[in-house]
Amino acid sequence: MSEWVRVQTEDFDLSTEVARLRAGRADIGAVVTFVGTVRDINQGDTVATLELEHYPGMTEKALNEIRDEAHRRWHLENSLIIHRVGPLQPQDQIVLVATASRHRQDAFEAAQFIMDYLKTRAPFWKKEQTPDGPRWVDARDSDRAAAERWSQ
Amino acid sequence: MSEWVRVQTEDFDLSTEVARLRAGRADIGAVVTFVGTVRDINQGDTVATLELEHYPGMTEKALNEIRDEAHRRWHLENSLIIHRVGPLQPQDQIVLVATASRHRQDAFEAAQFIMDYLKTRAPFWKKEQTPDGPRWVDARDSDRAAAERWSQ
Amino acid sequence: MNVNILYFASLREQLGTAQETLTTEAATVGALLEELCSRGPQWQQALCDNPHLQMAVDQTVAHRDTSLRDGAEVAFFPPVTGG
Amino acid sequence: MNVNILYFASLREQLGTAQETLTTEAATVGALLEELCSRGPQWQQALCDNPHLQMAVDQTVAHRDTSLRDGAEVAFFPPVTGG
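Residue numbers (our numbering), protein chains in the order written: chain D, 4 to 155; chain W, 4 to 155; chain C, 1318 to 1400; chain A, 1318 to 1400.
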């Protein structure tokens, strides 16, 4: 697994990860982070826990490809993707995407691009425990549309 | 000064601020942060220190107006703006904008909007110490263009 | 030849299997799918009648006409929902 | 009437002053500017000949035709460069 792409069960600390991303790089002027968190309500139902399944091996490969593509499209000094798997509770952190660049536009666009591609291309699946029992989360049309806007 | 807009000489901790932003809000699914940092090179010259001057009173007023406008334009659960003043060194944190929403598009767009407006409307001025002496940083055309794209 | 087949998420639950090794003459993912779906209505429904079915060969997104080689890792899964 | 005038950043340095209280009959920011610029070439150059001059009245962005009231806080400054 690359130093800048991690799939893990443990939580992560935002300050620690951003410090690592920036370490020794005085040409960074902008750092954008995205943290996805577990909401207690999804599609109108209470979510008690969330289980994140993934495809070990392909996940890391897909995330590295997305990260590489972001570095090809934007001028980035560094970037980082962490995605958690296993059981999660409401308010838990799920995913961190962090991008560092000289000027803010690159960092903002690259972070959005990575999230949009991750949502539609990285093999993770969410299963929610609701009062009506477990259910697999459906893919969202809005995520597909968001990813398509980056097509060249 | 509002709880969610601060102008201060002290540094800030990203994790602490994001935890405060999210506290008790289980309907948040997305948190975007932007951190602006001091680069050691600007316009080709080495920057030894940076001094940030501001207009006390108007600064807080302008930042609150920008934050309020972001909450009018996007569905945000919360947001936070911290801007430092006084002397800063390369790699120091200058500004934090953090936005929290249910879905990521709102958080991403609102954070970009706040930064673009802050860059062109909040009364801060940067003075750099370079090997050729002190100089006031010039406003950038690209910042004006970035702010204009949000005009209705 | 032998292929290693993986099933994920809702597909894994519907089919009651996460992994199998299959000896097959299928030259493409599409041919392999036909072979699997001939096992019965449960397989037909989960795989061949599923308009959202996703597939990968050797951990790269694949299509029905993607070729198979001996020892290939083939995966079937629903649309992804991470992030 | 009296107005409190503030100068920031490079303007403060050029004019060698950060703040002054002025008794004036100027009804608008534009009239106040004319009065200040009549002080000499340094003022003319920093304020009236400056195409990038920014201004605020009572901490709100203002223009040359913005009205003044007794006790107003008027500020002059260059384009902002924070963030």
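Hint data in this document are derived by calculation from the structure and do not stem from the laboratory. It is possible that some hints are incorrect.
[Claimed, not checked] Computed spacing ranges between beta-carbons, pair by pair:
hint, chain 1, residue 1, chain 2, residue 2, range
1, D, Asp71, A, Pro1368, 29 to 39 Å
2, D, Ala148, A, Asn1321, 21 to 31 Å
3, W, His74, C, Gly1357, 47 to 57 Å
4, D, Ser18, A, Ser1384, 47 to 57 Å
5, C, Thr1340, W, Ser18, 45 to 55 Å
6, D, Glu13, W, Thr52, 31 to 41 Å
7, W, Glu13, D, Asp48, 35 to 45 Å
8, D, Glu68, C, Gly1357, 51 to 61 Å
9, C, Glu1337, W, Glu13, 33 to 43 Å
10, D, Gly27, A, Thr1377, 41 to 51 Å
11, C, Glu1330, W, Ser145, 18 to 28 Å
12, W, Glu13, A, His1369, 48 to 58 Å
13, C, Pro1358, D, Asp71, 57 to 67 Å
14, D, His78, W, Glu54, 26 to 36 Å
Here the structure is a predicted model, which means the values were calculated and not measured. Where a beta carbon is used, it is the ideal one built from N, C-alpha and C, also for glycine.
Status of the hints after comparison with the structure:
no. : hint                               : result
1   : Asp71(D) / Pro1368(A): 29 to 39 Å  : 45 Å, violated
2   : Ala148(D) / Asn1321(A): 21 to 31 Å : 53 Å, violated
3   : His74(W) / Gly1357(C): 47 to 57 Å  : 55 Å, holds
4   : Ser18(D) / Ser1384(A): 47 to 57 Å  : 48 Å, holds
5   : Thr1340(C) / Ser18(W): 45 to 55 Å  : 53 Å, holds
6   : Glu13(D) / Thr52(W): 31 to 41 Å    : 39 Å, holds
7   : Glu13(W) / Asp48(D): 35 to 45 Å    : 43 Å, holds
8   : Glu68(D) / Gly1357(C): 51 to 61 Å  : 36 Å, violated
9   : Glu1337(C) / Glu13(W): 33 to 43 Å  : 60 Å, violated
10  : Gly27(D) / Thr1377(A): 41 to 51 Å  : 43 Å, holds
11  : Glu1330(C) / Ser145(W): 18 to 28 Å : 51 Å, violated
12  : Glu13(W) / His1369(A): 48 to 58 Å  : 32 Å, violated
13  : Pro1358(C) / Asp71(D): 57 to 67 Å  : 42 Å, violated
14  : His78(D) / Glu54(W): 26 to 36 Å    : 28 Å, holds
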